[in-house]
Amino acid sequence: MIVNQVSKKVKMDKGDIVKYQLLTHCYLEKINVSNADLDCLTMLAFNEEVELTEFCNNASDEGIFKTPQSVRNAVIKFERKGMIEKNGKGRKMIKLAPALNVQAKGNVFLDYKFVSIEPQEV
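Under the numbering used here, the very last position in the sequence shown is 1042; numbers go up by exactly one each time.
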């Protein structure tokens, strides 16, 4: 079997490599995301676990979304998709779901392997 192989090596800054991991997950799971959604998820990845209201205010202040309510709507959307976990009563804490395995600390080396195999004729 002949396989066309593509190998690329790219050096990225921390924000881009986190965003790439998130975008890859969303693409594979067929989750539609906007640039603002990606920026919001990336910010959450760097914050690890953060209080919901504080995060919504900070993301709005950073200009990711215009209002804290828009940030909250995005958080709810991604919570429903299983990408964000929310814990606690009253002051709710949010974080990226550990199952995403998004790496945002230290040196990061991504090693994805994708394959597309055409059916063989019999």
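Bear in mind the hints are in silico, worked out from the structure with no lab data behind them.
A few of these clues could be false.
Said to hold, decoys possible - The calculated DSSO-like cross-link candidates involving lysine-lysine, where the alpha carbons are at most 27 Å apart (straight line), are:
| # | residue 1 | residue 2 |
| --- | --- | --- |
| 1 | Lys-1001 | Lys-928 |
| 2 | Lys-1006 | Lys-929 |
| 3 | Lys-1009 | Lys-934 |
| 4 | Lys-950 | Lys-1015 |
| 5 | Lys-997 | Lys-986 |
| 6 | Lys-950 | Lys-934 |
| 7 | Lys-1001 | Lys-986 |
| 8 | Lys-1033 | Lys-931 |
| 9 | Lys-1033 | Lys-1006 |
| 10 | Lys-928 | Lys-950 |
| 11 | Lys-997 | Lys-950 |
| 12 | Lys-1033 | Lys-1012 |
| 13 | Lys-1001 | Lys-1015 |
| 14 | Lys-1012 | Lys-931 |
| 15 | Lys-939 | Lys-929 |
| 16 | Lys-1009 | Lys-950 |
| 17 | Lys-939 | Lys-1033 |
| 18 | Lys-1033 | Lys-934 |
| 19 | Lys-939 | Lys-928 |
| 20 | Lys-928 | Lys-1006 |
| 21 | Lys-1033 | Lys-928 |
| 22 | Lys-1012 | Lys-997 |
| 23 | Lys-1012 | Lys-1001 |
| 24 | Lys-1015 | Lys-1025 |
| 25 | Lys-986 | Lys-1012 |
| 26 | Lys-997 | Lys-1009 |
| 27 | Lys-1001 | Lys-1025 |
To be verified - Label pairs and their in silico Cβ distance ranges:
| # | residue 1 | residue 2 | range |
| --- | --- | --- | --- |
| 28 | Glu-974 | Ala-1017 | 41 to 47 Å |
| 29 | Glu-1005 | Asp-1031 | 22 to 28 Å |
| 30 | Asn-993 | Pro-1039 | 25 to 31 Å |
Where a beta carbon is used, it is the ideal one built from N, C-alpha and C, also for glycine.
Now the hints, each set against the structure:
Between Lys-1001 and Lys-928, the direct Cα distance comes to roughly 30 Å. Violation of the 27 Å bound is thereby established for this hinted pair. For the proposed pair Lys-1006 and Lys-929, the alpha carbon gap of about 36 Å is over 27 Å, so the pair is violated. Distance hint between Lys-1009 and Lys-934 is unfulfilled; the C-alpha atoms sit about 32 Å from each other, more than 27 Å. For the given pair, Lys-950 sits about 21 Å from Lys-1015 by alpha-carbon distance, which is consistent with the 27 Å threshold.
Among the hinted pairs, Lys-997 with Lys-986 is consistent with the structure: their alpha-carbon atoms are about 17 Å apart, no more than 27 Å. Straight-line distance between C-alpha atoms of Lys-950 and Lys-934 comes to about 24 Å, which keeps the hinted pair within the 27 Å bound. Using a Cα cut-off of 27 Å, the hinted pair Lys-1001 and Lys-986 holds, with the two alpha carbons roughly 23 Å apart. This hinted pair checks out: Lys-1033 and Lys-931 have alpha carbons roughly 18 Å apart, not beyond 27 Å.
For the proposed pair Lys-1033 and Lys-1006, the alpha carbon gap of about 31 Å is over 27 Å, so the pair is violated. Pair hint Lys-928 plus Lys-950 holds up; C-alpha atoms about 24 Å apart against a cutoff of 27 Å. Of the supplied pair hints, the one linking Lys-997 and Lys-950 holds, its CA atoms being roughly 14 Å apart against a limit of 27 Å. A distance of roughly 37 Å separates the Cα atoms of Lys-1033 and Lys-1012; the hinted pair therefore is violated under the 27 Å criterion.
For the hint linking Lys-1001 to Lys-1015, the alpha-carbon distance of about 13 Å falls within 27 Å, and the restraint holds. Restraint check: the Cα-Cα separation between Lys-1012 and Lys-931 comes to about 36 Å, which exceeds 27 Å; the hinted pair is violated. Distance restraint check for Lys-939 and Lys-929: the Cα-Cα separation of roughly 17 Å lies within the 27 Å cut-off, and the hinted pair is therefore satisfied. Between the alpha carbons of Lys-1009 and Lys-950 the distance comes to roughly 31 Å, so the proposed pair goes past 27 Å and is violated.
Proximity of Lys-939 to Lys-1033 is assessed by CA-CA distance (about 18 Å); at most 27 Å being required, the pair is judged to hold. Note on Lys-1033 and Lys-934: the hinted pairing holds, with a Cα-Cα distance of about 21 Å set against a maximum of 27 Å. Under the criterion of a C-alpha separation no larger than 27 Å, the hint pairing Lys-939 with Lys-928 is consistent with the structure, at around 18 Å. The straight-line distance between the Cα atoms of Lys-928 and Lys-1006 is roughly 36 Å, outside the 27 Å bound, and the hint therefore fails.
Between Lys-1033 and Lys-928, the direct Cα distance comes to roughly 11 Å. Compliance with the 27 Å bound is thereby established for this hinted pair. Taking the CA atoms of Lys-1012 and Lys-997, the gap is near 16 Å; set against the 27 Å cutoff, the hint holds. In summary, the hint linking Lys-1012 to Lys-1001 is supported, as the alpha carbons are separated by about 18 Å, within the 27 Å threshold. Using a Cα cut-off of 27 Å, the hinted pair Lys-1015 and Lys-1025 holds, with the two alpha carbons roughly 15 Å apart.
Between Lys-986 and Lys-1012 the CA atoms are separated by roughly 22 Å; this keeps the pair inside 27 Å, and the hint holds. Proximity of Lys-997 to Lys-1009 is assessed by CA-CA distance (about 19 Å); at most 27 Å being required, the pair is judged to hold. Restraint check for Lys-1001 and Lys-1025: the C-alpha separation of about 24 Å stays at or below 27 Å, so the hint holds. Between Glu-974 and Ala-1017 the beta carbon distance is about 19 Å. The supplied range of 41 to 47 Å is therefore violated.
As the Cβ distance of Glu-1005 to Asp-1031 is approximately 26 Å, the hint placing it in 22 to 28 Å holds. Distance hint check: the CB atoms of Asn-993 and Pro-1039 are about 42 Å apart, inconsistent with the given range 25 to 31 Å.
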